[in-house]
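S.K.: Letter by letter, the chains look like this.
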Amino acid sequence: MIVLFYNRKTKNRLSTAWMYVAITLVILLPFMLGIGLYFKSSLLFVDNSLGDLLFSKVWKPSQGKFGFFPFIMGSLWVTVIAMLISAPICIFAALSITQYSKKFYLRIIHPVIDILAGIPSVVYGVWGILVVVPFISNVIAPVFGAKTMGYSILAGAIVLSVMIIPFILNILIEIFNTIPIELTEASLSVGATKWQTIKFVLVKKAVPGIMAAIGFGFARAFGETMAVLMVVGNMVQIPKNVFEAGYPLPALIANNYGEMLSIPHYDAALMFAAFILFVVVMFFNALMRMLIVRYDKY
Amino acid sequence: MLKKVEEIFFRGLMLLSNLIILFVLGLIIYSIFKKGLSSLSWEMLSQRPHGGYYYGKEGGVLNAIMGSLYLSVGATFMATIIGVPVALFMNVYLVKQKRVLNFIRYLLDLIWGVPSIVYGAFGFSLMIFLGIKTSLLAGIITVTLFILPIMIRACDEILKTSPMGLLETALSLGSTKTETSFRVVLMQSFSGIVTAILLSFGRAIGDAASVLFTAGYTDSIPTSLSEPAATLPLSIFFQLSSPVPEVQNRAYASAAILTIIILIISVSSRALSKKYHKNRI
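Protein chains in written order, with the numbering used here: chain A, 1 to 298; chain B, 299 to 579.
These aren't lab readings, by the way, just hints derived from the structure by calculation. Beta carbons are placed, not taken as given, at the ideal position from N, Cα and C, and that holds for glycine. Be careful, since some hints might not be right.
Claimed, not checked - Footprint (simulated), chain A over chain B, 3 or more residues, beta carbon under 8 Å:
(1) 304-311
(2) 323-335
(3) 416-428
(4) 466-477
Using the sequences plus the hints, can you model the full thing?
M.R.: Below is the structure:
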């Protein structure tokens, strides 16, 4: 009996077969996502051209008019501002963590980054409602003479910028750590100061990596849903300044799934929004991956 | 002189960036707990919503806590039985085929960044395609797809560092590739793998966008895979949109519960990964 069960070859064959099945599934996953979403949104192309869908400002689902421009602009506003806030913070923090920090500080900052990365999107949203939104309506907006409830592009951008800090920071730390130590040592030994070494050797060498980290962050931020949705105001309009409400693409999908099936072609429109997100994110990731390929060679 | 000033200036900026990061985390934890812990009670943790719960009457979010646990345990289990073999396959079977390996890693990197709402939309289409209703099962399938790339990438990252010599020794002593994978390579990195699984579990329990379309929402605790399930992130989201202050306060309390769960996962995975680093060859 034991011999029957303990047939090593059978075991090996079974587990190898399962591994092949599993890895096939994983390799097919991106194609399944892309083809599935495209197929589901293809109904939309019957009545609308791609240009119309992407650049028309008219969003009237009940009349069959689906212009995604306000949503694309909403997404771009929130994401770009979030990147402007978090990119410098991440670059400086990564430099200090990799170049200047003592051991004991690393023991504090690494868990901090881990915890920031682990906090769920919804909790960031709650924090946004509790802290960021009132702060904008009571403090920041009056300074600029704007009147707002606080639910605005800026609120979305601030919450988003905090969310992507751990993500970008981790990539940057890894990139700075792959720069060979011989390079910086050579620079130091010929008399350059620490800061000169960082500026002319380390950062210069890491430029593609820094760009890639920011690009990955952009792709990540572009698809972030719940936290942004909770603070951004969700009004279908093209924002003119950061204190106005916006309506990013992910929020569009998340907010309207309920009535998705009641209006014709509405489900196709939401799937198309998901398809746009998918394409943008994949494209950015592919591009940025190319930028940092050279780091693997070190 | 000017160079000194420049360095001091930039070191100031570095210090500031670090302070911002520390301050923001402190602020998040402080504001969530300050607002949430005051309305957190045993009742919230131990009871389902009663009638009129969403108008401020009594009840708790046990349905969402249990729903979230079922969903993320299920999804993590599925992702583990698919993901860990894939990572082992990459590092034992394919270890010599660098091109294939790089292609798979490239694909994983690409889908790793796909936002959860896209998986949600895809899961919804898949659900209609398979003819199942919004249910625990549909939620588990969607979340599994969502955390699968994360899990494989994390496991791969750990298995990659296991020494070639180990693999070669095991094979040369006559072990099959399966035995080498599961008895030697996996065991060597076991606590690292557990860390990766915990990380994926944290992702699964915290994500709302992927289950929004697929898991549904209910006030009862699901008893089978075909019933809908409430989840903690969604219950926070729905309670917050209520105009009743008591219900909103419960949303903050639920957010505190979710944060505590995530903190526990984070701390234990950190402790584990320390152990992993200690046991490494």
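S.K.: All the hints need checking, so say for each whether the structure fits it.
M.R.: Tested hints:
1. 304-311: It holds: at least three residues are needed, and the region 304-311 of chain B offers 5 whose Cβ sits within less than 8 Å of chain A.
2. 323-335: It holds: at least three residues are needed, and the region 323-335 of chain B offers 6 whose Cβ sits within less than 8 Å of chain A.
3. 416-428: Answer holds; 8 residues pass the 8 Å Cβ test.
4. 466-477: Held - the region 466-477 of chain B has 4 residues with a Cβ nearer than 8 Å to chain A, which meets the minimum of three.
Taken one by one, the earlier hints all hold for this structure without exception.
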